[in-house]
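2 protein chains.
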Amino acid sequence: MTDAALAENAAGETELLTPEEFESAIRAVGAERYHNKHIFHKMLHGGQMNKGQVQAWALNRYCYQDAVPRKDAALMARTDDRELRREWISRIHDHDGLGQEPGGIERWLILTDGLGLDRALVMSKKAALPATRFAVEAYVRYVTEQPLTVAVASSLTELFAPGIHRERIAGMLENYSFISDDVMAYFKRRLTQAPKDADFALAYIKQHAKTRAEQDACIEAVKFKCNVLWAQLDALHLAYVQGMIPPGAFVPTA
Amino acid sequence: MTDAALAENAAGETELLTPEEFESAIRAVGAERYHNKHIFHKMLHGGQMNKGQVQAWALNRYCYQDAVPRKDAALMARTDDRELRREWISRIHDHDGLGQEPGGIERWLILTDGLGLDRALVMSKKAALPATRFAVEAYVRYVTEQPLTVAVASSLTELFAPGIHRERIAGMLENYSFISDDVMAYFKRRLTQAPKDADFALAYIKQHAKTRAEQDACIEAVKFKCNVLWAQLDALHLAYVQGMIPPGAFVPTA
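As given, the protein sequences belong to chains V and H, one line each in that order. Residue numbering for the first sequence follows this note's numbering, beginning at 1 and increasing consecutively. Residue numbering for the second sequence follows this note's numbering, beginning at 1 and increasing consecutively.
The set of hints was computed from the structure by calculation and includes no laboratory data. Be careful, since some hints might not be right.
It does not matter which identical chain is used: a pair holds within one copy or between any two.
[Said to hold, decoys possible] Within a straight-line C-alpha distance of at most 30 angstroms, the following computed BS3-like cross-link-like pairs (lysine-lysine) qualify:
no.	residue 1	residue 2
1	Lys37	Lys51
2	Lys51	Lys125
3	Lys126	Lys42
4	Lys196	Lys37
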């Protein structure tokens, strides 16, 4: 079976995928739908954005960062599997920080500080595009409402993240005078965090998706999550590349 | 106080608005943010769309129709005010139908039938833009989670609906050979349903929003709802006017 055929989530197929086929089908979703394929990311990494457009991206993407620990807490709230919670909690530590470690959301705010954005404005989320918040909150709801294994699977876009983060670090440092090494700290940290988390989640769904229907639902979950990411870039593109900023949203002055 | 100043939801203002000021502030939100201001609607009503674009609009907008009775049931589920439920239930009748009356969703499907779309595809919602579904479901969640008076207020875009429906009926019948009188039945019916509902909701919030903070939250609710509608047209515009159709979404052949 080709990756594409697997990713098609063949309705009516009942034969269980082997772990290798299952993983291939999930990776095929990323190859087709992960947001590194979006023109906005190509422009962002390629130095084709002005500072105002990079600000808009960082301000909107903050809403996603802000949702991640809530999403992870929602997942933990649903399971009596203490081992799963003990593993999953590190994701909350990564974003919220723990003890002396300030965490990924703070590192994101260092990025928005570095771009000259007002922290209170960023943290209020009020200047973000409504479409950003609709997409991000859909992800929180998905993890709250879907079967647990499917909720775990929706995190698996992390399989595709290190590539985009490496591209981003290199591309943004090279192309933008207003981006310095220290403000890219968020992405550097994610280079090591994301693969660890993805390995765990992949092993988890291989073990817990016991029917073809459950496997297919996990593959759909990765599509859903790709849609969440893609929709955010679509909204940024229309507003800040095409210039159709919706009423009330951030208007760059930089 | 000007309408614009009222609509700004002046932070820190504590003086209660008079019922007239309150209503003016809500109407000012519509004047600025209702989706009849969106370029996509101007193009749709002005005959500047091809059949594939009108199909994409109708297929996506189905997701909104589909969500409305769930949203209304969510509101009814939250109140022990029997009179409110007895009034509000007519909204569910309007969309789902009752007895011999097939209801608004069925009338919407007559529109999509008339446009040559497969009913099963439309009803599956699978070919809709992810952004459409994120926006629509955000509305259902909003009504589920916000204070009851604020949830009622979020329906008040109906104050602005008859104007757009009149424009739409005239504009679409005049401009598109593939739109016939009978497929516009949905909008004709809404010309009388929407004002009745809006009058009730407006009277309700005037009576129940007893503090300035509650009044401001109601004004915000109308902004939120305008954002839900606007984001749907933004997504349609990028996909079907700019041609950036996201992976997996409806691709017109007409």
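Each hint tested on the structure:
no.: 1; hint: Lys37 / Lys51; verdict: both (22 angstroms within a copy, 29 angstroms between copies)
no.: 2; hint: Lys51 / Lys125; verdict: within (19 angstroms within a copy, 38 angstroms between copies)
no.: 3; hint: Lys126 / Lys42; verdict: both (27 angstroms within a copy, 27 angstroms between copies)
no.: 4; hint: Lys196 / Lys37; verdict: within (24 angstroms within a copy, 47 angstroms between copies)
Comparing the model with each numbered hint stated earlier shows that all of them hold.
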